[in-house]
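Put together the whole structure using the sequences plus the hints.
2 protein chains.
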Amino acid sequence: MMLIPQGMAYALLAGLPPIYGLYASTIPLIIYAIFGTSRQLAVGPVAMVALLVANGVGELAPLGSEEYIALAILLAMMVGLFQLTLGIFRLGFLVNFLSNPVISGFTSAAALIIGLNQLKHLLGIEIPRNNHIHMILSHAYNAFSETNYITLSIGISAIALIVVLKKMKSKIPGPLVTVIISILVVYIFNLDSLGVKIIGKVPGGLPTVGFPTFNVDAMQGLLPTALTIGLIGFMESIAVAKAIQLKHKNYKIDANQELIGLGLANIGGSIFRSFPVNGGYSRTAVNDQSGAKTGMASIISALLIILTLLFLTPLFYFLPKAILASVIMVAVFGLIDWKELIHLWKTDKRDFSMLLITFFTTLTFGIQQGILTGIILSMGLILFKSAYPHIAILGKIPGLNIYRNIKRFPQAKEFDNILIIRFDAQLFFANTHAFQNVIEKEVIKRKGLQKIILNAEAINSLDSSAVHILIDTIEELRKNNIKFVFACVKGPVRDIMEKNRMKDKLGDGYFYNSISEALEKHNIA
Amino acid sequence: MMLIPQGMAYALLAGLPPIYGLYASTIPLIIYAIFGTSRQLAVGPVAMVALLVANGVGELAPLGSEEYIALAILLAMMVGLFQLTLGIFRLGFLVNFLSNPVISGFTSAAALIIGLNQLKHLLGIEIPRNNHIHMILSHAYNAFSETNYITLSIGISAIALIVVLKKMKSKIPGPLVTVIISILVVYIFNLDSLGVKIIGKVPGGLPTVGFPTFNVDAMQGLLPTALTIGLIGFMESIAVAKAIQLKHKNYKIDANQELIGLGLANIGGSIFRSFPVNGGYSRTAVNDQSGAKTGMASIISALLIILTLLFLTPLFYFLPKAILASVIMVAVFGLIDWKELIHLWKTDKRDFSMLLITFFTTLTFGIQQGILTGIILSMGLILFKSAYPHIAILGKIPGLNIYRNIKRFPQAKEFDNILIIRFDAQLFFANTHAFQNVIEKEVIKRKGLQKIILNAEAINSLDSSAVHILIDTIEELRKNNIKFVFACVKGPVRDIMEKNRMKDKLGDGYFYNSISEALEKHNIA
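Quick note, the sequences are listed as chains C and S, same order.
Our numbering applies: residue 1 is where the first sequence begins, and numbers increase by one.
Our numbering applies: residue 1 is where the second sequence begins, and numbers increase by one.
A few of these clues could be false.
Since copy identity is lost for identical chains, a pair holds within one copy or between any two.
[As the list claims (entries may be wrong)] Simulated pairs of lysine to aspartate or glutamate, DMTMM-like, Cα-Cα distance not exceeding 20 Å:
#1 Lys252 - Asp472
#2 Lys242 - Glu442
#3 Lys407 - Glu457
#4 Lys242 - Asp254
#5 Lys483 - Asp416
#6 Lys252 - Glu442
#7 Lys503 - Glu517
#8 Lys242 - Glu475
#9 Lys252 - Glu440
#10 Lys242 - Glu440
#11 Lys451 - Glu440
#12 Lys242 - Asp472
#13 Lys447 - Glu414
#14 Lys169 - Glu442
#15 Lys346 - Glu498
#16 Lys505 - Glu476
#17 Lys483 - Asp504
#18 Lys346 - Asp504
#19 Lys407 - Asp508
#20 Lys293 - Glu476
#21 Lys451 - Glu520
#22 Lys451 - Asp472
#23 Lys252 - Glu476
#24 Lys483 - Glu517
Everything labelled a hint here was simulated from the structure, so no lab data went into it.
Next comes the structure, spelled out in structure tokens:
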């Protein structure tokens, strides 16, 4: 029931005639219900993806033209093929490399852009479509005097009604109620003659069937958009699917199977004139609240839309565009996550700044630049964390056989000629330099150092670079009369050391089961 | 002394007149000696960079033309600016993200390409410059009948002489000796009239001073080459500098200061008509063996080259090109690392295949594609390692208060209704899904599970995504009557949990100092 107004609204947002929102709410839902792993996920037109469609296709063809429609459908095919490929090659894990703050910042900014782009429908004025909020706001400010107050009142009443019904957790679907009421009001009071813009004729009947026209030039132009939608759509879907699955726990979500389901839904949809779809927050929640237990719920929704397409489209003639704008605005402003922003400010300044950077990049430079910034920030953080692992200098807690980080345990005492060091990560090429640097720094700092004990209990694996570095370090230290020994080496690491014949190369007396054992052999305990 | 023949040889390799190799061996050395941190590193023309110059500039201008020379000098300026920028912004750590096997595979392939490109000089035949070895070999095969056997004999004798002197660890510089002998032989026996190609007139005098001509189009064309040389050159330099520093240990290498030193050397060099330079393996080793203790050694070398430029260039007239080819071939074939390949095959199949992939990509698709593949492989591995941390299910060693990975310790016993799990990495956005997946999998596998104990001793930090996931997981598990508790949480993690008010949210009884304590509270010990 929510699907009808939302579908039409998102089609409009995507720059397409409203009927395409209904097309996108049929076949893809059925295909996803068959191939997807979530039982409650509501697939269909979604605000963020609709915006990305308008953004990407809008650069290649005039909004709403035949060519534009053809490109949007071709885009669905490309998104589908991309997602299907990712799924088949089991690359679903890639999506984990976008951090939550980055996603939150991006989503909030996109929601703001989407919502403000609806201002024109709400005010009944002309504002050129734009992805830069300062431009939207300045246009709106200049054209504000032309506001159609009847349109505005309808829009604001609709927003109020939807919000109140939502707050009351009523079972009455707000969007549908406002749609019905508004159609009646416009029809009865003839409001369209007073300048309230209405949807007009919505052609009935089922979509024609056929492959989109392939065109290499167009496909090249659409590629960045297809990749962005493929990833963002999947990310949104999987996030929603996981959240809902966690509530039920009677089935499992498989990220790769989800990709395959979404991919096939988009490919199949594109054959039936659908634009790109994915799983969305709001309808999934409604789906779940209404007690959907299996994919049948989606199939029933799709069949209802098909019935609508066949018989009910004339009813939408008097639907005001401002109502669709209200539906979109309520949906997307709910996505703006102020709470998370405040929470991060209090608890994690680094994540806070990542959120803020992504948010402002998206707002000022655009959607795709925003998501790219997010990817770079996330990757950069992963690389940084890999390169700078936690390394602690240990001291002995007096009276106990326990060794702790001297920075956190001031009572921990170091030995005069012995350095005990703990490396809290696997040792591999990205962090060998950090390992070398700390050894070098400590050796230079301590005169008369005789022994270094590496507490290796947190080291789970060594790669070939790490083995080289260890042997080099040990040999160089030996030349300086410093003995480097290992304590608490784990099984897998011991295996690698044996394969590399480290024991043969180094001789005896390099491996101990505990720090105290390594100390005893040094006649200090 | 090695610098003269090598400098001229590498200039030739870079597609420049030999004199430019001498220009590149003056000012940059002096500048590096002032700003660099290594005391033995020999900066100057280097084979790999020379090849990259020929590769990059060769696409924009005819080899050896005036325009070509101007572009090579402009390239040095760009490389210098790039390195200086990296150094100033302290981005030297970026270089650690290329793994050793990748560097080894790339170096070996580049060495092979460089060496085989010298075949034409060694055989005295015409082979078009090419970066694809199958093309070089097929050209050489076709033109083999035209081989000038005198040239070939000179070349092979020179190679033999250099190799023997090197093997004997003689203090006599092989390249210089062969240069002197060959000049005398050609001069005395008039070999140039028999088809032995000689260097010919080398113009004397110092390089003219002046900024390279900036040209936006050319700079755009050169940009990928400049970035590649900037990184590769720095990587080679720092690897050599660190290796030598490890032998001495009386000073420290600072990667960022090295970048600044190299950057200034290239910028300054480019003002004195030098092409891109960096620190090279062979001459640094010689420098060190001859007892260089400070940067003064480099300054003296540079002054000797200046004297050569002023007075000795006419002496090189009869120098056969085959000799320079021999010098290059011996130098670069030494870089091919068969030992590492065999070693990795035996000890680390993953690193072995990374080496092989980079090697063959470089050989078949080209230098820049090779290094790009290497970067992607290395990054991919870092991301993969971040996404799939080591997670162990623990069991109790009977009779002891010790809990170990049940996969490695078959005697470790699990408890019926309790799952003890150890997560061996910091928990952050890239691996939260791995954490969730393992919990989910184990919960589904075990009926009647009542408690999950997370041994958090290896977790050094939590980001905001991790905090969310932990709270969500704990609450969802609670709904299923499974209690999730923490054991051995480290100080920094405890701080983050407190900031996020996890104790307030969860209530008491979630944090224990040890696994046995967490078990006791459950009335099972």
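Status of Glu442 relative to Lys169 across identical chains (alpha carbons, at most 20 Å): neither (62 Å within a copy, 35 Å between copies)
Alpha-carbon proximity context of Lys346 and Asp504, limit 20 Å: Classified as between; 16 Å across copies, 53 Å inside a copy.
Lys242 and Glu442: within-copy, between-copy, both or neither at 20 Å Cα: between (47 Å within a copy, 17 Å between copies)
Same-copy or cross-copy closeness of Lys252 to Glu440 [CA-CA at most 20 Å]: between (49 Å within a copy, 8 Å between copies)
Status of Glu457 relative to Lys407 across identical chains (alpha carbons, at most 20 Å): both (19 Å within a copy, 17 Å between copies)
Homo-oligomer pair classification [Asp508, Lys407; C-alpha up to 20 Å]: For Lys407 and Asp508, neither the intra-copy (32 Å) nor the inter-copy (28 Å) Cα distance is at most 20 Å.
Homomeric proximity label, Lys451 with Asp472: Cα distance no greater than 20 Å: within (16 Å within a copy, 46 Å between copies)
Lys346 and Glu498: within-copy, between-copy, both or neither at 20 Å Cα: between (48 Å within a copy, 11 Å between copies)
Lys483 and Glu517: within-copy, between-copy, both or neither at 20 Å Cα: within (15 Å within a copy, 37 Å between copies)
Up to 20 Å CA-CA - Glu476 versus Lys505, copy category: Within one copy only: 14 Å inside a chain, 52 Å across chains, cut-off 20 Å.
Alpha-carbon proximity between Lys447 and Glu414, which holds within one copy, between copies, both or neither at 20 Å: Answer is within; shortest intra-copy Cα gap is 14 Å, inter-copy 48 Å.
Status of Glu520 relative to Lys451 across identical chains (alpha carbons, at most 20 Å): Answer is within; shortest intra-copy Cα gap is 12 Å, inter-copy 39 Å.
Hints 14, 19, counting from the list given before, are not met by this structure.
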